[in-house]
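A.B. asks: Quick note, the sequences are listed as chains Y and W, same order. The first sequence runs contiguously to residue 290 in the working numbering. The second sequence runs contiguously to residue 165 in the working numbering.
Keep in mind that the hints were calculated from the coordinates and are not lab data. We treat Cβ as the ideally placed atom computed from N, Cα and C, and that holds for glycine. Worth double-checking, as some hints may not be accurate.
[Stated by the list, open to error] To give an idea of the chain W side of the interface with chain Y (calculated C-beta under 10 Å), a few residues:
1. G109
2. R120
3. S123
4. A134
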Amino acid sequence: MTSQAETFAALQRYGEGAKLLAGGQSLVPALNLRLLSPAILIDINDVDELKGISLRANKLRIGALTRHAEIERAALIAEHAPLLKEAARHIAHPAIRNRGTMGGSLVNADPASELPACMVALGAEIVLASAAGERRVPGGDFFTGLYETAIAPGEILTAVEIPIARQNERYVFMELARRVGDYALVGIACQAEVVDNVLHDLKPAFFAVGTRPILASAAATRIIGRQIDAACLEEAAAALDEELAPINDLQASAAMRMHLARVLLRRAVAALLPELQHCLQTAARA
Amino acid sequence: MSERELSFMLNGEAVMLRVAPRRHLADVLREDLGLTGTHLGCEQGVCGACTVRVDGEIVRSCLMLAVQCEGSHVETIEGLSDSGEVADLQNAFRVRNALQCGFCTPGMIITADDLLRRQPSPSRDGIREHMAGNYCRCTGYHAIVDAIEATAEKRHRKGAVSD
Chain Y
5 MTSQAETFAA LQRYGEGAKL LAGGQSLVPA LNLRLLSPAI LIDINDVDEL KGISLRANKL
65 RIGALTRHAE IERAALIAEH APLLKEAARH IAHPAIRNRG TMGGSLVNAD PASELPACMV
125 ALGAEIVLAS AAGERRVPGG DFFTGLYETA IAPGEILTAV EIPIARQNER YVFMELARRV
185 GDYALVGIAC QAEVVDNVLH DLKPAFFAVG TRPILASAAA TRIIGRQIDA ACLEEAAAAL
245 DEELAPINDL QASAAMRMHL ARVLLRRAVA ALLPELQHCL QTAARA
Chain W
3 MSERELSFML NGEAVMLRVA PRRHLADVLR EDLGLTGTHL GCEQGVCGAC TVRVDGEIVR
63 SCLMLAVQCE GSHVETIEGL SDSGEVADLQ NAFRVRNALQ CGFCTPGMII TADDLLRRQP
123 SPSRDGIREH MAGNYCRCTG YHAIVDAIEA TAEKRHRKGA VSD
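Next up, chain Y with everything else stripped away, as it sits in the complex (with noise of 0.2 Å):
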């Protein structure tokens, strides 16, 4: 293909039968590994509609085909979108960030994977397109299951509008995992505005520990707009019990996942406010 129109035009032929070939990162393994087998690919990879970073009014856009390598090293995304720039670094190794897709890897919504929460954590807006006109979905929305989303049949991805960083504000991006790259056991990406070591408008996703990224509200309700101290810190550690809801795998225990999950929280914060090191340090190191 080279045109959305095209694409438009195979998905309405092939219907439920074809899949989409972006960077092909998740996709040809699971050919590999015969857990698919459509009948048709629509490889995009020559739609340029869909590639390119540019700065509209105060929104960053990023192109459904852009690469998670040339995240880590576009200049536009290390000025307006810092937190992407930091997640693409933890995203597999290299040889894969140089062909797996940003669109790809959010329409595969993987729960372990990292752009999902970085959506959730920015308040992106997810721009869809299909022959019957443009939507925009936010990105805490298109997320609504294990691999699933609030894609149509017919319709692509094709990029995400991110509001662009504020004076104030700061970001985090951490993740634990076995061995560089490898799929998370539990990460948090999250972005806040700071002012006078307070934190506000913080929303801290996390990812790997449930079905699909989860925004942690009730923990940050106990965080935002406070003096944070170390019970402080505790309090709303101890609320993402009711919020995520972690598995048992053959990485981890569903307890471990909502350990590290608490342990992460903590060390997060600590790292949003480097100025309250002294009292925050012993919290952030359990």
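For this one, chain Y is given, so just place chain W on it according to the hints.
C.D. replies: Quick look at chain W alone, frame taken from chain Y:
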């Protein structure tokens, strides 16, 4: 599935062949083109043994369909060996015993060369991070990190002399 015409540059030479669209690049390199230096370990992107260069960037040849290489420049360990481009790395691996069975070595050499082209003086942690996607079941990795570090130092000294 009907076959497709495919043409690309392979280690500097133009190749043309017919392949089924469903076949990945590693199979086509090995079975159709006879270049068996590209190894297949896991076929799911985890082990790194099939790493090759496409248009100057390292990729997993098991995770790219051969037909996606239309018009591209593909470089395999055979090409990089023949040109002498990685001779110093190969020698350092040999001297430091950074291989035993050799199955992972082509992928290790290509990935290590990619690192040294981007970061001429990587730290040991930096080497480990870049190489984390390449499995070796023989060496325990220390010797591989040593060989890459030694090559980086040698290349750096050479660069300094010619400046």
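A.B. asks: Evaluate each hint against the coordinates.
C.D. replies: We went through each hint and held it up to the structure:
1. G109: With Cβ-Cβ at 9 Å, under 10 Å, it holds.
2. R120: 9 Å, holds
3. S123: The hint is violated - W:S123 has no Cβ within 10 Å of chain Y, the shortest such distance being about 17 Å.
4. A134: 4 Å, holds
The structure fails to meet hint 3 from the earlier list, while all remaining hints are met.
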